[in-house]
Amino acid sequence: MSLNYPNDVRYAKTDEWARYDGELVVVGVSDYAQDALSDVVFVELPALGDVVAAGDEVVTVESVKAAAEVVTPVSGEVVAVNAALEDTPELINTDPYGEAWFFKVKPSDLSELDALLDAAAYEAYNAEREDH
Amino acid sequence: MSEYQRTALYDRHVAMGGRMVPFAGYELPVQYLTGPLAEHHAVRKAAGLFDIDHMGQFILKGPDAELFLQYVQPRDVGQMKVWEAEYSFLCYSDGTFIDDIFIYRLPDEWWIIVNAANRHKDLFWLDTHIAQFDCELEDISDPTYMLALQGPQAQTVLQKLTDLDLNQVTFHTAARAKVAGIDTLIGATGYTGEYGYEMFFPEEKAVAMWESLLEAGKPEGLLACGLAARDSLRFEACLPLYGHEISASAEPVGARLSWVCDWDKGPWLGREAVLKNKLEKNGRWLVGLEMVDRGVPREHYPVAVGDEVVGWVTTGMKSPTLDKFLALAYVPSPYNKLGTELMVLIRNKPKGAKVVKRPFYLPAYRR
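Line order of the protein sequences matches chains A and B. Residue numbering for the first sequence follows my numbering, starting at 7 and increasing by one per position. Residue numbering for the second sequence follows my numbering, starting at 145 and increasing by one per position.
Hints are supplied without guarantee of correctness; some may be wrong.
Claimed, not checked - Only pairs whose alpha carbons sit at most 30 Å apart, straight line, appear in this in silico BS3-like list of lysine-lysine:
{"id": "1", "chain 1": "B", "residue 1": "K420", "chain 2": "A", "residue 2": "K71"}
{"id": "2", "chain 1": "B", "residue 1": "K425", "chain 2": "A", "residue 2": "K71"}
{"id": "3", "chain 1": "A", "residue 1": "K71", "chain 2": "B", "residue 2": "K498"}
{"id": "4", "chain 1": "B", "residue 1": "K422", "chain 2": "A", "residue 2": "K112"}
{"id": "5", "chain 1": "A", "residue 1": "K19", "chain 2": "B", "residue 2": "K493"}
{"id": "6", "chain 1": "A", "residue 1": "K71", "chain 2": "B", "residue 2": "K493"}
{"id": "7", "chain 1": "B", "residue 1": "K420", "chain 2": "B", "residue 2": "K501"}
{"id": "8", "chain 1": "B", "residue 1": "K265", "chain 2": "B", "residue 2": "K425"}
Quick caveat, the hints were computed from the structure, so don't treat them as lab data.
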């Protein structure tokens with residue numbers, strides 16, 4: 007099964023993606039991450055209004071296998087969370103880049119996006135990890 | 145070279161997209177491409193096939209075989225008919241667990257099925273006590289392959305591959321037959337809470353048997369299942385797992401397994417200690433917990449009442465069949481009473497839970 011690496015998002019080495027829509031940054035986890043997690047059964051989201059810094063653990067995702075922390079790749083204020091994930095966490099497995107977005111941040115420092123990888127670099131990074 | 149043993153099906157698992165993980169000294173698939181939830185539901189609704197070759201098998205035979213078995217484990221095997229298979233366990237003299245086992249009574253011998261991780265420990269323990277008995281114990285784990293076929297469609301699937309009328313192989317009995325042309329010992333036993341079979345046959349036939357069963361089960365929706373589904377299935381039925389609910393620091397009364405014990409058959413190893421626990425139990429009891437607050441309880445998480453930690457979770461997860469967050473946990477009296485409100489510390493945050501009835505999922509054979 008090949009994994010998807012869409013070009014309209016940027017990726018953290020910790021397997022989150024970030025999509026800047028000109029105003030807000032939308033955050034989720036990559037296809038690689040959901041595949042490694044396997045079936046997701048639980049998500050704990052941040053609260054609206056939380057002020058977060060890049061690198062903070064803000065979401066807990068639990069799969070059948072284990073719990074994983076998701077960090078925010080950008081700093082700012084959380085202005086939206088995807089409450090649908092609380093009842094249907096399996097969206098993370100079926101549509102990681104679409105319906106399974108986690109939260110939206112009003113970014114305080116857009117230059118943080120530059121530190122993230124583009125699709126080709128992230129795919130290459132994962133290929134290297136798989137070899138070890 | 146891997147430090148772990150591989151079963152004869154290792155290459156098949158990898159070819160099927162099995163995600164291989166270390167388990168009890170073996171590399172086994174934790175899931176296939178279908179994923180642990182689909183595999184779980186396949187066993188509840190149709191059928192699933194499990195590679196459980198890591199399990200150990202001993203043959204016991206000789207004039208004193210029955211006497212020896214009566215002495216080393218708590219069940220009265222004198223009550224077992226030929227071709228019957230029953231659950232039991234081994235205890236140290238202080239009443240703590242060595243292992244849990246399955247005993248098969250065959251025409252001229254007994255089979256003892258043990259957990260992979262305990263195979264050498266069990267064999268050593270049994271050998272230590274066998275000297276004064278006229279019988280022999282043989283470890284046949286290596287040449288013997290073991291697969292489990294479980295689920296409501298298991299009989300339909302297996303019947304396609306054997307001339308034996310499987311209606312004759314009732315729950316917890318066994319039979320010898322050819323399956324896909326392979327000489328097989330079929331036991332109507334399992335570890336999922338569903339009807340099904342565990343099958344023993346020569347290791348060199350493993351690939352042929354695996355492929356035949358998968359092919360035969362296609363119309364019924366049979367899936368190959370990994371360790372994750374095996375764990376969630378046995379958890380819902382509250383079947384104990386060595387290293388979790390039972391271990392050298394747990395004992396049969398608290399683990400709710402004293403029903404296995406016979407008190408009238410004469411002495412057996414651990415009897416006095418287990419009986420003492422039964423009469424004056426003051427340790428922890430295994431209970432079922434259902435989360436009231438949202439959160440996934442997992443093994444080793446503390447269980448608290450107020451600020452006091454009173455116990456711990458042995459297994460916990462989101463139950464795929466019941467769609468609830470559930471746990472098995474050890475807590476002392478009086479917190480073992482149904483309806484008691486407790487806290488599970490999930491990553492150090494207290495989350496509300498209550499004591500509920502076990503098993504969470506009533507096995508098909510108990511309905």
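Hint-by-hint comparison with the structure:
For the suggested pair K420 of chain B and K71 of chain A, the alpha carbons sit about 39 Å apart, so the restraint of at most 30 Å is broken. Simply put, K425 of chain B and K71 of chain A have alpha-carbon atoms about 35 Å apart, too far for the 30 Å limit, and the pair is violated. Proposed proximity of K71 of chain A and K498 of chain B is supported: the alpha carbons are some 24 Å apart, at most 30 Å. Between K422 of chain B and K112 of chain A the CA atoms are separated by roughly 62 Å; this puts the pair beyond 30 Å, and the hint is violated.
This hinted pair checks out: K19 of chain A and K493 of chain B have alpha carbons roughly 28 Å apart, not beyond 30 Å. Our distance criterion of 30 Å between C-alpha atoms is met by K71 of chain A and K493 of chain B, whose separation comes to about 20 Å. With a CA separation close to 25 Å, the supplied pair K420 of chain B and K501 of chain B stays within the 30 Å bound. At roughly 28 Å between alpha-carbon atoms, K265 of chain B and K425 of chain B fall within 30 Å of each other, so this suggested pair holds.
This entry does not satisfy hints 1, 2 and 4, going by the numbered hints stated previously.
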